[in-house]
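**Student:** Chains as they are written, first to last, in our numbering: chain F, 1 to 111; chain H, 1001 to 1115.
Hints listed in this document are in silico derivations from the structure and should not be mistaken for laboratory results. These figures come from a predicted structure and were not determined experimentally. What you were told as hints is all true, and nothing was included just to trick you.
Some chain H residues judged to face chain F by a derived CB distance under 8 Å, without partners named:
{"id": "1", "residue": "G1040"}
{"id": "2", "residue": "G1042"}
{"id": "3", "residue": "L1091"}
{"id": "4", "residue": "Y1105"}
{"id": "5", "residue": "F1106"}
{"id": "6", "residue": "G1107"}
{"id": "7", "residue": "G1109"}
Here are the simulated DSS-like cross-link-like pairs (lysine-lysine), alpha carbons at most 30 Å apart as the crow flies:
{"id": "8", "chain 1": "H", "residue 1": "K1057", "chain 2": "F", "residue 2": "K68"}
{"id": "9", "chain 1": "H", "residue 1": "K1057", "chain 2": "F", "residue 2": "K38"}
{"id": "10", "chain 1": "F", "residue 1": "K68", "chain 2": "F", "residue 2": "K38"}
{"id": "11", "chain 1": "H", "residue 1": "K1011", "chain 2": "H", "residue 2": "K1057"}
{"id": "12", "chain 1": "H", "residue 1": "K1057", "chain 2": "F", "residue 2": "K37"}
{"id": "13", "chain 1": "F", "residue 1": "K5", "chain 2": "H", "residue 2": "K1057"}
{"id": "14", "chain 1": "F", "residue 1": "K37", "chain 2": "H", "residue 2": "K1011"}
{"id": "15", "chain 1": "F", "residue 1": "K38", "chain 2": "F", "residue 2": "K5"}
{"id": "16", "chain 1": "F", "residue 1": "K38", "chain 2": "H", "residue 2": "K1011"}
{"id": "17", "chain 1": "F", "residue 1": "K54", "chain 2": "F", "residue 2": "K37"}
{"id": "18", "chain 1": "F", "residue 1": "K56", "chain 2": "F", "residue 2": "K5"}
{"id": "19", "chain 1": "H", "residue 1": "K1057", "chain 2": "F", "residue 2": "K71"}
{"id": "20", "chain 1": "H", "residue 1": "K1014", "chain 2": "H", "residue 2": "K1057"}
Yeah, the Cβ is synthetic: ideal placement off N, Cα and C, and Gly gets one too.
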Amino acid sequence: DQQVKQNSPSLSVQEGRISILNCDYTNSMFDYFLWYKKYPAEGPTFLISISSIKDKNEDGRFTVFLNKSAKHLSLHIVPSQPGDSAVYFCAASVGGNQFYFGTGTSLTVIP
Amino acid sequence: DTGVSQDPRHKITKRGQNVTFRCDPISEHNRLYWYRQTLGQGPEFLTYFQNEAQLEKSRLLSDRFSAERPKGSFSTLEIQRTEQGDSAMYLCASSLARASRDEQYFGPGTRLTVT
Chain F
1 DQQVKQNSPS
11 LSVQEGRISI
21 LNCDYTNSMF
31 DYFLWYKKYP
41 AEGPTFLISI
51 SSIKDKNEDG
61 RFTVFLNKSA
71 KHLSLHIVPS
81 QPGDSAVYFC
91 AASVGGNQFY
101 FGTGTSLTVI
111 P
Chain H
1001 DTGVSQDPRH
1011 KITKRGQNVT
1021 FRCDPISEHN
1031 RLYWYRQTLG
1041 QGPEFLTYFQ
1051 NEAQLEKSRL
1061 LSDRFSAERP
1071 KGSFSTLEIQ
1081 RTEQGDSAMY
1091 LCASSLARAS
1101 RDEQYFGPGT
1111 RLTVT
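Here chain H stands alone, though its shape is the one from the complex (with noise of 0.2 Å):
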C-alpha cells in the first residue's frame, strides 16, 4: 500500500494528558498537511511543511499544538495538554506540488476523544 498512512486510528484520552500523532505520506510527496475534522464540518486546515520546512500554521493552532516532520519524511503531530474541544478527526494529506495542479491524497485519519 503506497498510500498515505496515519497512526494510530483511534486514540482516547483523559484531559489534560499529551498526545501525538504520525503521519507517513506518499513517499515521493514533498508537502505535508494537518487537518482537522469535527462533525458536519469540512477539513480545518491546521499547518503544513514542504520537505521539513514548516511553511504555513493556522491562526487556530493554539501552542499546545506542534507539529514537525524531522527529515522532510514522516510527520508528528503533538497536542499538549489535550481539552474536550481537541476531540475531532485529524487527518493528515501529502502532495507533489507542481505548477498547475496540487492535488492532495489524504490518509485515513486519527480520530481523538478527550474525556
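In isolation and in its complexed conformation, chain F is listed as follows (with noise of 0.2 Å):
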C-alpha cells in the first residue's frame, strides 16, 4: 500500500519560474514531512523538512507547505534553476522512525 504518492511523475518549468511539485499522503497519523532531491548515480540529498505542527517551513528559494486536512505536501521552488533538474522524493515518517517515500517527480528546468 502505497502511503505517499507523487502523482506527476515529471514536470518542465521554465528557467526563473515557480516549480511547485505536490505530494498526497494517506496515513494521518505521520507528523514529520521532508523532500528530497537525487541527481543520477548519487544518493538522496535532503532539502527541506516540516512538522506537523507547522503550515509552512521556508529555506532560501524552497517552501513547503503542509495542508492537513487535504493530507497534502506540495514543494514550491523559486526562482527554479536548470541546476535544480533532477528527481524530487517526498517522504513521511511517525514519530521520525520508518519512513515512506513516494516514487518521486522528475523536474526539468529549461533554460
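Mind docking these for me? Both chains are given alone in their own frames, and the hints should help you get the complex.
**Tutor:** Written out as C-alpha cells, the structure is:
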C-alpha cells in the first residue's frame, strides 16, 4: 500500500519561473515530512522538512506547504534554476522512525 | 569526506549466492537506515538501528535478509540465497535523531544485479 503518493512523474518549468511539486499521503498519523532531491548515480539529498505542527517552512528558494486536512504536501521552488533539474521525492514518518517515500517527480528546468 | 559511504558500489552475483554490503554512517549519527530502491520507485524502508539496536524491520524484509550494526558504528546488510527479484539499489542513510528534526543523509548506494 502506497502511503505517500506523487502523482506527477515529471514536470517541466522555464528557468526563473516557479516549480510546484505535489505529494499526497493517506496516513493521518504522519507527523514529519521531508523533501529530497536526487541526481543520477547519487543517493537522495535532504532539501527541506516540516513538522505537522506547522503549515509552512521556508529555506531560501524552497518552501514546503502542509495541508493536513487535505493530507497534501507541496514544494515550491522559486525562481527555478537549471541546476534544480533532478528527481524529487517526498517522504513522511511517524515519530521519525520508519520513513515512507513517494515514487518521485522528475523536474526539468529549461534554460 | 565525512558523508555516508557504502561499499561496494556495484555487485553482480549469481542467483543463490550470498552477498554482504557495508555502510559507514556519518560518525556522530546514532540512527542508521537501510532502504531498497527499484527503477521508477522511491526508496523502500527495510530496517533501522538506533546505536546498535535494531528497532524496526519492514515486513518486506524476508528471512534471507539480515542486518547488523555491531558497535553502533558501521552496518552490514547480508542477503542469503539471492534471487533475481533482489536486484535493486540498496541505500543506507544515517541521522542524528533530535526532538524536532531527523534529516537523513544518504550514501551513494550499492547496486546489486542478480543474474
